[in-house]
Amino acid sequence: MFRIFTVLIVFCLTAPVFCFGQSQKADTAKPFLMRHINALTDESMYGRGYVNNGRHKASVYLQKEFRRYGLQPAGNRKSYVQRYSFPVNTFPGTMKLSFNGVSQVPGKDFIIDAGSSEYIGGNLNVKTVSLAGVKTKSDWLAIRTTITNESNAYYLTDIDTLCKLMGTRRHHIAATLPAGCFIVPQKDKFIWTVSQDRIAATVFYINDDAANAEIKTVSADVENRWIRSGKNDNIAGVIPGEVTDTFIAITAHYDHLGMMGNDAVFPGASDNASGTAMLLYMARYFQAHPQHYSILFIAFSGEEAGLVGSQYFTKHPLVPLGSIKFLTNMDIMGDATDGITVVNATEYPAQYSQLQAINERGHYLPQVKSRGKAANSDHYHFSEAGVPSFFIYTNGGKGFYHDINDKAGELSMNHIDDIAHLLTDFLSEIK
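Residue numbers (the numbering used here): 406 to 836.
Heads up, a few of these hints could be off.
Listed next, the in silico DSS-like pairs over lysine-lysine satisfying Cα-Cα at most 30 Å (straight line) [claimed, not checked]: (1) K569 - K636; (2) K501 - K462; (3) K592 - K836; (4) K621 - K569; (5) K621 - K501; (6) K621 - K720; (7) K621 - K532; (8) K636 - K542.
Source of the hints: derived by calculation from the structure; they are not laboratory data.
These numbers come from a predicted model, not from an experiment.
Starting from the given sequences, assemble the full structure and let the hints guide the process.
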């Protein structure tokens with residue numbers, strides 16, 4: 406009996422030492438984070454996008470949670486909301502595509518270009534057009550004159566050759582196509598997006614399995630709605646500190662892609678229900694642990710449409726941008742098996758060194774990687790406006806991104822408690 410008790414004492418004293426992922430803090434963030442991730446990815450949120458008011462449902466949810474955690478409203482008219490508008494192309498209904506009479510599954514077998522127009526066409530003959538021989542822009546312009554017959558569906562191969570020549574992306578090539586139905590095979594994984602514009606063509610990207618089969622006929626039925634001025638909300642709240650006019654800002658975007666037709670939902674668990682949940686965790690933590698500086702929390706909309714919400718905020722700031730001492734943006738927080746990456750680390754080496762030192766002191770994460778400037782999340786417009794900013798994302802996971810598989814159940818949440826503790830330590834020590 407004594408021997409067993411002695412062994413247990415020795416184990417308890419020695420086990421936590423110098424082990425990454427075994428934080429010595431008692432607080433466990435994971436259940437809290439998963440509760441909010443599950444809520445934000447629930448089917449009732451419709452992917453937090455532009456169909457069935459998904460983004461507005463998420464806005465209401467976050468306002469309720471800001472109130473729950475005691476944040477003071479920092480939006481317009483003594484509310485949490487900063488409302489603004491931008492155009493967006495949506496697919497609120499029918500989304501059908503079939504090859505040789507065989508139905509394809511949206512999100513799994515194909516995605517539609519986010520800028521596509523509505524389309525109805527049955528048993529279209531398929532004409533294959535190779536872009537492999539395109540050497541100049543004139544070559545491409547000549548080909549475009551041959552793909553205008555709307556009684557055909559055009560199967561465009563080697564589009565990446567054209568993208569490389571033009572120095573652009575597939576969507577920008579799609580925007581140059583005439584009205585009609587176009588099929589584009591791709592080797593890489595499906596990554597859907599949001600488009601503010603609507604193009605003339607209806608463009609489907611298909612995966613390798615479908616591309617390897619001989620496609621003779623195509624039928625398509627796509628319902629489309631372009632919203633000229635869709636209302637969106639940034640959600641902002643404050644926890645006052647000893648100094649009420651200087652802020653540490655904590656941000657994350659809560660919007661995602663929404664739905665591609667009636668059946669394909671993009672839940673956006675990793676991107677970015679996870680970061681939004683972490684923002685709420687920080688709100689709860691700092692409400693219980695007031696700081697020297699005030700803490701400003703902003704949940705942005707419109708990120709997936711091109712950082713629209715954060716850009717609007719920087720042009721119409723709810724607090725003077727010069728009063729923000731430091732901003733930390735969190736996007737993709739679901740799996741830190743391989744640690745985290747810090748965008749703008751090279752721009753702010755002192756803060757990056759401080760973050761590294763805290764990580765080493767707390768034995769939190771295996772790596773805190775450095776990265777330079779990048780216009781890849783909501784920190785960007787603040788950084789460009791002179792606000793010292795980090796964008797932190799996790800490294801790890803299954804790679805589900807902008808697809809229908811980015812679900813709450815696919816997140817490992819490895820090292821998630823350690824990230825929470827690292828961030829609270831870092832934000833508490835900013836001078």
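Against the structure, the hints come out as follows:
1. Under the criterion of a C-alpha separation no larger than 30 Å, the hint pairing K569 with K636 is inconsistent with the structure, at around 36 Å.
2. For a cut-off of 30 Å, the pair hint linking K501 to K462 stands: about 27 Å separates their Cα positions.
3. Restraint check for K592 and K836: not satisfied, since their Cα atoms lie roughly 48 Å apart, outside the 30 Å limit.
4. A threshold of 30 Å between alpha carbons decides the hint, and for K621 with K569 the separation of about 28 Å falls inside it, so the pair holds.
5. Note on K621 and K501: the hinted pairing holds, with a Cα-Cα distance of about 17 Å set against a maximum of 30 Å.
6. A threshold of 30 Å between alpha carbons decides the hint, and for K621 with K720 the separation of about 51 Å lies outside it, so the pair is violated.
7. For a cut-off of 30 Å, the pair hint linking K621 to K532 stands: about 8 Å separates their Cα positions.
8. This hinted pair does not check out: K636 and K542 have alpha carbons roughly 39 Å apart, beyond 30 Å.
Consistency with the previously given hints fails for numbers 1, 3, 6 and 8, ordered from lowest to highest.
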